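Given the coordinates of chain A, work out where chain B should sit on it, guided by the hints.
There are 2 protein chains.
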Amino acid sequence: MTDDYPNVQPIPANNPELRSWVESADEHGTDFPIQNLPFGVFNRTGDHADKPAVGVAIGDMILDLAKCWNADLFKNTPAQQANLFAHHSCNSLAALGRARVREIRERVSWLLRSDTPTLRDDASLRERCLVPMSEATLETPFEIGDYTDFYASANHAANVGRMFRPDGDPLLPNYKHLPVGYHGRASSIVVSGTPIRRPHGQLKPDDAPPTFGPCRLLDHELEIGCFIASGNERGTRIDVNDAPGHVFGIVLVNDWSARDVQKWEYVPLGPFNAKNFGTTISPWVVTLDALAPYRRPLPARPAGDPAPLPYLSPDPKSEAEAMGLEIQLEVFLESAQMRERKFDPVRISHSSGMDLYWTFAQMIAHHTSTGCNLRPGDLLASGTVSGVNEDERGCMLELTWRGQNPVQLPTGEERKFLADGDRLVIKGHCCKEGAVRIGFGECSGMVTPAE
Amino acid sequence: MTDDYPNVQPIPANNPELRSWVESADEHGTDFPIQNLPFGVFNRTGDHADKPAVGVAIGDMILDLAKCWNADLFKNTPAQQANLFAHHSCNSLAALGRARVREIRERVSWLLRSDTPTLRDDASLRERCLVPMSEATLETPFEIGDYTDFYASANHAANVGRMFRPDGDPLLPNYKHLPVGYHGRASSIVVSGTPIRRPHGQLKPDDAPPTFGPCRLLDHELEIGCFIASGNERGTRIDVNDAPGHVFGIVLVNDWSARDVQKWEYVPLGPFNAKNFGTTISPWVVTLDALAPYRRPLPARPAGDPAPLPYLSPDPKSEAEAMGLEIQLEVFLESAQMRERKFDPVRISHSSGMDLYWTFAQMIAHHTSTGCNLRPGDLLASGTVSGVNEDERGCMLELTWRGQNPVQLPTGEERKFLADGDRLVIKGHCCKEGAVRIGFGECSGMVTPAE
Chain A
1 MTDDYPNVQP IPANNPELRS WVESADEHGT DFPIQNLPFG VFNRTGDHAD KPAVGVAIGD
61 MILDLAKCWN ADLFKNTPAQ QANLFAHHSC NSLAALGRAR VREIRERVSW LLRSDTPTLR
121 DDASLRERCL VPMSEATLET PFEIGDYTDF YASANHAANV GRMFRPDGDP LLPNYKHLPV
181 GYHGRASSIV VSGTPIRRPH GQLKPDDAPP TFGPCRLLDH ELEIGCFIAS GNERGTRIDV
241 NDAPGHVFGI VLVNDWSARD VQKWEYVPLG PFNAKNFGTT ISPWVVTLDA LAPYRRPLPA
301 RPAGDPAPLP YLSPDPKSEA EAMGLEIQLE VFLESAQMRE RKFDPVRISH SSGMDLYWTF
361 AQMIAHHTST GCNLRPGDLL ASGTVSGVNE DERGCMLELT WRGQNPVQLP TGEERKFLAD
421 GDRLVIKGHC CKEGAVRIGF GECSGMVTPA E
Chain B
1 MTDDYPNVQP IPANNPELRS WVESADEHGT DFPIQNLPFG VFNRTGDHAD KPAVGVAIGD
61 MILDLAKCWN ADLFKNTPAQ QANLFAHHSC NSLAALGRAR VREIRERVSW LLRSDTPTLR
121 DDASLRERCL VPMSEATLET PFEIGDYTDF YASANHAANV GRMFRPDGDP LLPNYKHLPV
181 GYHGRASSIV VSGTPIRRPH GQLKPDDAPP TFGPCRLLDH ELEIGCFIAS GNERGTRIDV
241 NDAPGHVFGI VLVNDWSARD VQKWEYVPLG PFNAKNFGTT ISPWVVTLDA LAPYRRPLPA
301 RPAGDPAPLP YLSPDPKSEA EAMGLEIQLE VFLESAQMRE RKFDPVRISH SSGMDLYWTF
361 AQMIAHHTST GCNLRPGDLL ASGTVSGVNE DERGCMLELT WRGQNPVQLP TGEERKFLAD
421 GDRLVIKGHC CKEGAVRIGF GECSGMVTPA E
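Those sequence lines, one after another, are chains A and B. Numbers 1 to 451, taken from this note's numbering, label the letters of the first sequence in order. Numbers 1 to 451, taken from this note's numbering, label the letters of the second sequence in order.
No lab work stands behind these hints: they were computed from the structure. Please note that the accuracy of each hint is not assured.
Any copy will do: because identical chains look the same in the list, a pair fits if it lies in one copy or spans two.
Claimed, not checked - Straight-line C-alpha distance at most 30 Å; calculated DSSO-like pairs for lysine-lysine: (1) 317 - 176; (2) 263 - 176; (3) 204 - 416; (4) 204 - 263; (5) 342 - 263; (6) 317 - 432; (7) 51 - 317; (8) 75 - 342; (9) 51 - 176; (10) 416 - 342; (11) 432 - 51; (12) 342 - 432; (13) 416 - 263.
Being a predicted model, the structure only gives us computed values, none of them experimental.
Excised from the complex, chain A in its bound form (with noise of 0.2 Å):
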């Protein structure tokens, strides 16, 4: 067996010469490429319905990790012992820590490989290990024991501060000095597809004692997540430069949030019931690995910035200050008009993983410099992701400056901010000269009205 299932294969996973026999992942413009291999938990559907299982994406295809560690594809990887993928979650196989979990991701490459004939060429085996992604369903692919939210990106810290605080500086004096962030509800985060239902809360006017209804100003937030493969010790601190080897992977959020509730509960203690009936994450986790092409450093931090403190600053040329992502984010939007009268959804924003201030090492290093211990399955949400440019704005709240500039729909409705039946989509690729297109898919949900 040795023989067949070598302990390296020679080529590495992310090598854009590599190609796939499955023939989807070799298409134009397929999020999933075999340089990509994002891990997720599907439920098979129909005639051979099945148990939940870890599975990774190629092209239009899922491979049933669990169904090859049967067929014994992971000998001599560190998934030999006991079959991980047999799970709900993929928590078992990120505690492996994320050195492991690219060698199984190297297996796998292996397997998907056009030169390697295993699966290829045993049907029966194929057919088994391999499943359509249209006979599947896709879960939350972490049980997540904690979430975090932090609020990264300076533009967007900037323009809430400019229509909240317009006479003071738009961003708070501990901006600059540390990656502000809050815990966040983990009960309630769902798999992209799932509805979302319009909040009720306590809205207060200007002018009269609170109400409690429907949420009225509902909005998304364009984010991105970052999962945790091996966690901490409680007590003990990641360094900054290990922080990159505590990642599995990111993901697309969409934290949407009730605006008006969120207006007048926040102070002292911050956001929560206005974020707490649910946050939406794309399925399929990209690896680091697979974004290596597209990890840089962030650029440089304008004249003036203060420098960030020691535990804040990765060595120079280390895996960790290459922490920026190359990520093109997308939002578009689709309203139940647009919907029956067959309009395609339109995109409202768009911006990058790189207009943040903070990296996820930065950010990892922040949350536990107190000791707070990291599990395996955590997730880390950047916050809203906004560039400088008005159309670069990552939620309703900032693109339509408060309601004042509509978004305008191509059925002639506009939106301040979302109404009953609005799909909101993210999407997210990378893509640039010289290097493999690597997708996320999608982080879409649709709002439904309130009970």
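Frame of chain A, contents of chain B only:
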């Protein structure tokens, strides 16, 4: 069997006339008489070391419910079908919902009462099922999915307001309209007795840039916490009148806080690193049923305060209205020097569960008013419980008024905030004429030096 294990035990588990054959349960001053029967998770140590299991505290013993189940002692109860007690948490038990847990507790009461021979007269069975507390270690009683911390004591909130906003209203405008809360960190919740390492963090002098170093203003927060039994589906709400039916029970909580870290980080998104390095809870979860003699409505709101909105207003005479908890709370401090010189811990503060402005029923109704889903084992904490008097302040910040009036220790030492080696102990009990004393055990932790 049905004759031996009747469906309904005729004497309710909190009847003050009940006596147990476990002698220590009848001793004056015990926290755990047969009327209490709190649930927890323990590991038997020593010669009979075993896997973690769910148990019930009785006097200075633990009834091992997993072993009782193995002996068929839960026939004709909701726990009949599967051994929900052979787990390292009470989550599966709690998921049954409060009414079914009550039936199980009634069975435990029957097994332990003086006139039931089943265990009393069977030495071998008793030996298997009854574990001395001295031969066990205790675990956190739940796998906590999400932890929410409220701010429900108006005395505390007003004191903080007076210190930090001396020229404004002590309470912010939203305080009397909604139970202010924020999401906390679940991963770092630990059981009583676990050391708490002094965290690092960013400290901001008034006149200089921030530095990174060990927290200097380490504080405790005296709180009570509420564990959820059955939860709610995402997108649905728990009516305030139904809220008590979702409560598993109550514990003591110490929400350790780094005040210097908090001051610099908390605007605008609330406390984050200041609170995420450790939260201590007491190991025994006291059910609402055990607390029945000690539950009544909170005192009427002061004249001029707004009435709660309808979704926060339980029906008159309902169980949900009687969610004020007459728990007497005490905080003790023991310094390293006191320990060395054999001084007893000194009581530095005391307050009552009645010193809250909002009940857990209102907190649950508010938390889920957006459709946020609670899950079995979620923890809601009250926030610091302070009374109106100076010796009833639930944290060092208030007790010493930001260090202006240090606490005097019997060794001649004084404390503005907590020092390394300090052991902080929270105790709680209910006690009044005509009812049996119900205790909560201890919630303790010692501060160890920064890394």
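Report task. Check each numbered hint against the structure and report the violated ones by number, ascending. Result -> Checked against the structure, the hints that fail are numbers 5, 7, 8, 9, 11, 12, while the rest are satisfied.
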